[in-house]
Amino acid sequence: MAFADQFWQLTVTGLVIGSVYAVIALGYTLVYGVLQLINFAHSEVFMFGAFGGVFATRALLPSGNISATESIGLVLLGLGIGALCGGLAAFALERTAYRPLRRRGAPRLAYLISAIGASLFASNLAGKEFGRDSVNIPKDLFDYNTQVFSVFGARVSKQDLVVFVVALALLLLLDRLVSGTRLGQGIRSVAQDSDTASLMGVNVERIIVMTFVLGGLLAGAGGFLYAMKFNASFTMGFIPGVKAFTAAVLGGIGNVRGAVLGGIVLGLVENYGQFFLGAQNLDVVAFLVLVLILLVRPSGLLGERLGRAA
Amino acid sequence: MHLRRSVSTVAVLVAGALSLAACGGGSSSSGSSSGKKEFTIGFQGPLSGDNAQLGINGQLGVKTAIDEANKKGNLPFTLKLKSSDDIGKPEQGATAAQRLVDDSSVIAMVGPMFSGATKAAEPTFSDASMLSVSPSATNPTLTSLGFKTFYRVIATDAIQGAGAADYLAKGLKAKTVYSLDDKSEYGTGLSGAIESQLKTDGVAVTHDGIPPTKDYTAQADKIIAAKPDALYYSGYYAEFGLLVKALKGKGFKGIIASGDGSNDDKFTAAAGAANAEGVYLTCPCGDANTDPKAAAFLKAYQDNNAGAKPGTYSPESYDATNAIISVLKADSTRASVAAAFKTVDYPGITKQVKFTSNGETEDKGVFIYQVKSGKRVVLGSTTDLVK
Amino acid sequence: MTTADDSVLQVENVTLRFGGLVSLNDVSMSVPRGAVSAVIGPNGAGKTSLFNCLTGAYKPQEGQVWFTPAGGTRSQLVGRTPHKITHLGVARTFQNIRLFPALTALENVQVGVESRQKSGAISAMLHLPRSTRDDRESVAEAVSLLEFVGLPHRIHEVSAALPYGDQRRLEIARALGTKPSLLLLDEPAAGTNPAEKRDLERLITRIADTGVSVLLIEHDMRLVMSVATQVTVLNFGEVIAQGRPEEVQRNPAVVEAYLGTATDDQEASA
Amino acid sequence: MRLSVLETKRLAACLGLGLLLAVITGPSGSQDHPSSGIRGSLLDVRVVDFLLFGLVVWALAFGLRRARQTEAVSGPTAQLRQTVRTALDRRGARPTSYLAMLLVAILVPLALAPAAQLSLFLDIGIYALLALGLNVVVGYAGLLDLGYIAFYAIGAYVTAYFTSASALPIHAPFLLNPFFVFPVAVAVAALAGIILGGPTLRLRGDYLAIVTLGFGEIVQILARNSDGVTNGSRGAFGVPGLSMHLGPLEYVFPRTKALPYYYLLLTILVLVMIAFSQLERSRVGRALAAIREDEVAAEASGVPTLRYKLVAFAIGASTSGFAGVLFATKQFFNPETFSLQASILVLTIVIFGGMGSLFGVVLGAVVLQGLAYVLRDPIPFIGFQVADADRFIYFGAVIIIMMVFRPQGLVPSRRRSREIKLSEQGLGHADAITGASEVKP
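Chains as they are written, first to last, in the numbering used here: chain A, -11 to 298; chain B, 18 to 404; chain C, 150 to 419; chain D, 31 to 471.
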């Protein structure tokens, strides 16, 4: 089995999962941009979004066959509720685990540890409330197994396509939002220099909350996309969380377009890499990429700084 | 009351250091209101952590048997359950076992559930002559490590593996099999057994392993690229569900099969009914759905556990507990129970509970299940199917 | 202009850029041994950038910095890490004082003194004689340095709690702890009152008397005129004059540079 | 009495806390009824109790604040508080109190049940040792290491390799008594620490956290995947127990008894604590303090920051490796033992007990691990049983609460709590998370 035969299939798989990493990575990058800290609990925001979306679609799933309009409606519903849950979780997280520390100006180590605590708390609470088995959407929202088209012999299923297209749409939406709206302007000005921004009348506290919520909305929607493929469970956040973080660092943390590029590149690289090292080492590949990137180019592919790149 | 409870949860965080010294003993006195003697049956398994669900399945199986026995009330003693959590990990196995041994009212125990924790725990049970009957630890080596009081009501992976391999090779006529395990102690044991039998049967085998994860797309690409006639996964239902989902999503058309760790309705839920359709499952356990005794078990389980459905290893735990109860007498001691259990012969719902001299079950039937219209249906035992 | 032989530091054609911004352009200068010299210039002229190039915090894109300690060999400073440069004998203070805030005055100075010691973690953990000897010596040296800068009464106080002027002197003591041949002082008089300034003047002279060469950045011209024997003037990242204070003061280019900024830089015109 | 906006907000927060507690302690839900747990917790009479609890917390806090406000005016009380505080500060220094604690540590285990003794060794003692090592990295050097347990794994596997012919598929050409493995394992773990730390310690601190996390994961995955070397997930069974042969003196540590191991470990703990307190007071300790308070100034004062961070990292790693040897000689282990959760547990112990304080981190291990042990049984007198599966919820909550209300930990080191206070006022960093590259001189 030569690499060349598998190349396109690996590429399709990598692009699809990479686009989901990118959506989650944006949350890390945005928060890093304004606060210069890694939001370790972002993975649980993602998990809550996944549960929200999955439970919403399960509740409204028709009993018979699903028509095309219904399936589109359900996906949009799942995305919407997922995003909402993610946003709420991020808001609650900011309020409880970050704001009290920021008020006091705690050392940065304290933030990291508080976030680890929040992560433990949130994931196990989800396990208690939603059960500890993975939760599936019982019916495939669109004929899962149907091949839409093939790229040089690589299968692209309907679901792959939907995930990729939705992720891309979310990424474009966010890019516009950061570069073209007042909120985006606020975020960028806080990212560049929060003291100056505050002097110029920007409500920094509000911007920080909005940034968390924005990242949460994206992660929640991303969580639903991920859950469509891989189900939702209380431990689901950790691995995609670490990978999305890797993606953010890869592209240059704090840099919106960098996160997108990083996500796609990571998705591709880990899939090509596992071909040679074995699928059981998929995560090892991702971690190795992270280490190498940090050593060779610590500021990522596109460089850091939210303010500059967006 | 509730307020005191909640205050206490906070207060205990403060008083923790002191209370450790204060309540190290923790052994409770026996004797109950009805005047009958009270025995405690211990249970050890993962009650927290990633594998908590399997532990809870086992725990509730034990509880069902105990509750039933107490309700019947025809025994010269009453029974109590004491659970000890080992998180399914070896480093907690010994402490969890020691906790049961320290409680002098514990007469025998069901568990440990996981092979790793079993290896850490059994020296303690041996030392205390306490009978331990595992419902689920299937690693073949466990009965050859010199543990004196270890039994299991489940056939080892070696037996299941041989049966499953024969069925794949002769029943389903697979020429090439992709054997994938979850790199766990259980998974590697089972995949090893299957592969050696497949090779004897002249089937081409590809071995691969992947630790539990969520994203099986890359693995699915790899399997499909290898174009096997059949895939056999040695691991648990949560991951098997995701794997099947990924395989079907990528258009895999071959035979898909897995073992007792996946023989659970939750597999169908995790994979989605459409994806799970036609998947084969092997299990060294009888058909718990059609047997009239099993129907009674199903009802008793739900009655005693607030409507929860039995899961993987619940029936085995139930059988193990009932087998222990069957050898209990009013004047039993740990040693006498352990001695009496050597010759136990109890008709359980999964099998006739009866052991060889080293603690393996005598009943070695391996059954094949298939998912049909979203339900697991038994096809028969391998010995019948392969002939 | 001093010759290469009796200069402790020689800066040759140093250019430092940040992106497209040129911070230092082809700067050359030398620092005489055993004397006090100063770098002056309007705000943003590149003085602190120059210090950062000398101490390894920045790496200039072009040029060389040669350092010759008393009785030692000439070595290149560009490309070395800050602590290596300190080991060679160039110590510094910061414009915005950077002490170790939670350590006591004594401990702050000890950190500087101990940079010359060799005993390691293992001998510390095993409490070997090496380690205890080092400890004794560093306390003794640090105490005498604190006396030297006039802070014997502050030994056990937490440095963040010290008055501003004392913090300045503590920082100088810490730098002296590393036994430098050249001491770089970044605006030591900033924020001090006239009495403290006079004390500082005396302290700088006393430091120079012990054989340590001193290079300071200063806005206070009165201080510079009274302690420095040589002055280098930077403007827009370029050297516009160098020489004895009274010469430099009369230099038309310097006058122009300062007049241009005199209105927005009161201190500089003082 | 009218409440200000702030007080109303606080009241709402306290009531919210009560509701959250109700959910945490209430019934669990399931995937088919995802809201049943929350409904069962909130739409039940018990919720009244929890709301009352929230109200009481608020009232207490409110009362305390008022009392404090009036107290600030009245001098004598404030003075009294100050006296008490200095007395408390001195408390740690008195050698008699240390002796008393040592006596407790020696005598109390004799009165405990065997399971508690075992837990005292495995859960408290070993973790106290691990926490002491991590304290050098986190508490002294201010670096966050999330893959710390990897070195523990290295220590354990090295032990199996050198002491047993059967535990692993491969073994050393000559087998050693476990006592001789201590130096070997310590050296290997330290080497691993240096190999990992060398390139990564120059990174910014929060990147280091992620890289070490990745390293920990890689070590665990490799241990699981390398069947031919580590025996994969089947683990290492059959490592011999410790034994001493000093001429005519011979003592074999029985593997099923915990106390001999416990006393050996206690001795080691005392020695390690003495060694680390020497370290903290030496030039190395001062240099590490300087690095975490102001890395740029430390460099400028001639402190080779990278090398010192590496030294701290290696000391932490070797302590972890040492603990691994002790563990392996007592217990069967497999790769599951060395999970990320274990790393996080050690970190939590360090934070909870008090970063930088030797006595603090040991107390942290006693309290947190002791609590985990005690909570397996119903709480005495009240009968409330914390479900095993929910233990990590409480754990997470404790971490957040500590960070919000008492970031310096139970028994903080004086230097560290000063640093945290100063860093809150914008002076210094109190950790090395912000690397040199980020600070503009």
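There may be inaccurate statements among the hints.
To be verified - Here are the simulated distance ranges between beta carbons:
#	chain 1	residue 1	chain 2	residue 2	range
1	C	Thr230	A	Leu280	56 to 66 Å
2	D	Val138	B	Ser213	16 to 26 Å
3	D	His275	C	His305	43 to 53 Å
4	A	Val284	D	Leu221	18 to 28 Å
5	D	Ala195	B	Ser213	32 to 42 Å
6	D	Arg337	C	Ser177	50 to 60 Å
7	C	His305	D	Ile431	49 to 59 Å
8	B	Lys371	D	Leu221	33 to 43 Å
Hints are computed from structural coordinates only; laboratory data are not their basis. These numbers were taken from a predicted model, which means no experiment stands behind them. Cβ coordinates follow ideal geometry from the N, Cα and C atoms, glycine included.
To see whether the hints hold, each was checked on the structure:
Here the CB-CB span from Thr230/C to Leu280/A is close to 24 Å, at odds with the stated 56 to 66 Å. Take Val138/D and Ser213/B: their Cβ atoms lie about 52 Å apart, and the range 16 to 26 Å is violated. Range check, His275/D to His305/C: about 51 Å between beta-carbon atoms, so the 43 to 53 Å window is met. A hinted range of 18 to 28 Å holds for the C-beta pair Val284/A and Leu221/D, which are about 24 Å apart.
A beta carbon spacing of about 25 Å between Ala195/D and Ser213/B contradicts the range 32 to 42 Å that was offered as a hint. In this structure the supplied range 50 to 60 Å is violated for Arg337/D paired with Ser177/C, their Cβ-Cβ distance being about 34 Å. In this structure the hint that His305/C and Ile431/D lie 49 to 59 Å apart at CB is violated, the actual value being about 35 Å. At roughly 54 Å, the beta-carbon separation of Lys371/B and Leu221/D lies outside the given 33 to 43 Å, and the hint is violated.
Violation of the numbered hints given earlier is confined to hints 1, 2, 5, 6, 7, 8; the remaining hints are satisfied by the structure.
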